[in-house]
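Chains as they are written, first to last, in the working numbering: chain F, 40 to 246; chain B, 73 to 375.
Because the hints were derived from the structure by calculation, they are not lab data.
Note that the structure is a prediction, hence the values are computed from the model and not measured.
Incorrect hints may have been included.
[What the hints assert, rightly or not] These stretches of chain B come out as covered by chain F in the derived footprint (C-beta under 8 Å, 3 or more residues):
| no. | region |
| --- | --- |
| 1 | 100–107 |
| 2 | 118–125 |
| 3 | 131–141 |
| 4 | 196–210 |
Glycine residues also receive a C-beta, built at the ideal position from the N, C-alpha and C atoms.
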Amino acid sequence: MLSALWTSFCAALLELDNVQAGQFLLARPAFVGTLLGWMNGCPVEGARIGLLTELVFLDFMSVGGVVPPNGLVSAAVSVLAFSWGGLPESAAFFSGMLAGLIYCGVEYRLRAFRSSWTAAVEAEVRAGIIRPGRRLAAALLAEGAVSWAFIFLFSGWLASAAALSARLNMGPLFGALDLAYSLMPWLGLSGLYFRFRGQIHKNKAGA
Amino acid sequence: MNFGTDMTKAGSCQPPSGGKALAPVFFRSFLLQAAWNYERFQNLGFVFSMLPALRRAHAPGAPLNSAVLRHLAQFNTQPYMAGFVMGNIIRMEESVSGLPVDEAMEKKMLSVKTALASGFAAIGDRLFWGRLKPLMTQLCVLVWACGGFYGWLFRPEPGTAQAPSMSLLFGGPLAGMAVYASFSVYLRWTGLKRGYACGGSSSCGLDALDWSRLIRRLSAAGFALAAAAALSAFAFLLFSSWSGAPDPGFARKVAPVLAALAIQRAARKSGRSIFFATGMVIAVSLALVALFGPEGWAWNRNL
Chain F
40 MLSALWTSFC AALLELDNVQ AGQFLLARPA FVGTLLGWMN GCPVEGARIG
90 LLTELVFLDF MSVGGVVPPN GLVSAAVSVL AFSWGGLPES AAFFSGMLAG
140 LIYCGVEYRL RAFRSSWTAA VEAEVRAGII RPGRRLAAAL LAEGAVSWAF
190 IFLFSGWLAS AAALSARLNM GPLFGALDLA YSLMPWLGLS GLYFRFRGQI
240 HKNKAGA
Chain B
73 MNFGTDMTKA GSCQPPSGGK ALAPVFFRSF LLQAAWNYER FQNLGFVFSM
123 LPALRRAHAP GAPLNSAVLR HLAQFNTQPY MAGFVMGNII RMEESVSGLP
173 VDEAMEKKML SVKTALASGF AAIGDRLFWG RLKPLMTQLC VLVWACGGFY
223 GWLFRPEPGT AQAPSMSLLF GGPLAGMAVY ASFSVYLRWT GLKRGYACGG
273 SSSCGLDALD WSRLIRRLSA AGFALAAAAA LSAFAFLLFS SWSGAPDPGF
323 ARKVAPVLAA LAIQRAARKS GRSIFFATGM VIAVSLALVA LFGPEGWAWN
373 RNL
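For reference, chain F alone in the conformation it holds in the complex (with noise of 0.2 Å):
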């Protein structure tokens, strides 16, 4: 538990790469799985939901106000899930997944929580005092509270259906879910390729 809880902390501060500080590319799915991993001890494990889910997810762009599904969220939580829920890799996997698209209907929110904030910020400069930096650091302090609290429960959750399906047979889905992920890595490739001559071919058209 008390891993789970310092696990999702790390992860909660490397969300706020994501989009809010820095942006350095430390929210990466592939840096956040492998670092994760290794701090539960299944780097390898790690590594590879990191990695796919980061080829999963490159297929979503945060243009404009678009909020893309979470990557560090969804690897977060599928870490965990593995090491801490005791979930197989492929169940975790896919639930990571699940739960980096959930991630964005919060982060929605977040976002439109502070589209109020520019009106106090107004009055305050008309009275003289200004600081919007106090706005920055309350949205910082937010946004990592709250990836901080989704991770954990989420994952938390996830551990205990495990736990309480652990009598279920649940060999014939867990046995679909690992054939499925083990194609991952070829819709992650083609995904890619896929991307990339969409690319070409609008080049060579504005030519």
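Since the structure of chain F is already known, use the hints to place chain B on it.
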């Protein structure tokens, strides 16, 4: 008031403050998106980043307050390219230092800001999100492949393969991060300096690099790497699955991969996301396991 024509050529006049405010603005610009919101996007981060320069350009009180209020307007651009806009606006703010800012001047400043933000957003999105980020994933794959780690593609039976070293596992993602972060930080700082040098022009910095050529070359490199990775992985699968004579095991190993590729192609063609393709792959896997049982499908365990 003119802050355009005489400053559009880089280096044609001395910067009023010598750009002393650029360093703090540069460091603060890493938090540009910290309070991103749907009403005015990056406006709070923009004001936070620009504050040292605004404090230097305007006297405390009404002049500073009105400058801050001016920049609380809507602002959205690609974060790594924001330096071009910021440098430009710093120069423009310094050029009106101590002067009453009328409506026309303010309008001009905001129109330059908006024009640059849109232009650099288009370039930055294509360059960073569309090309460099996927290329860094490919670099990770390349580093792992060069180090002999194929564990992300084929899972050997536990105990049959040598575990990769930690330095190799971390080296893959860190290599891409180093390249990406260096280039993005370089562009942030260069953009700020370049924008400051030619402040006032709504096309300032758009010619800093041959963006189109760079983007085209990155696309070509990405395509070549993606094609090479996909083809070599598939060739590896074929050679490692082929036992020298036709057998059902070979089909069981290769057919699901071909099916996954066909699903991906169909999903792309119909404009669906990779989540749709993933859902289809899970559905097909469930059907296969339900029909033929879970045994024998884990083809990757044999490698």
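Okay, the hints, checked on the actual structure:
Check on the region 100–107 of chain B: 5 of its residues sit with their Cβ under 8 Å from a Cβ of chain F, so the three-residue criterion for coverage holds. Check on the region 118–125 of chain B: 3 of its residues sit with their Cβ under 8 Å from a Cβ of chain F, so the three-residue criterion for coverage holds. For a cut-off of 8 Å, the count of residues in the region 131–141 of chain B with a CB near a CB of chain F stands at 5, and the three-residue condition holds. Given as covered by chain F, the region 196–210 of chain B passes the check, having 9 residues with a CB less than 8 Å from a CB of that chain where 3 are the minimum.
The structure shown violates none of the earlier numbered hints.
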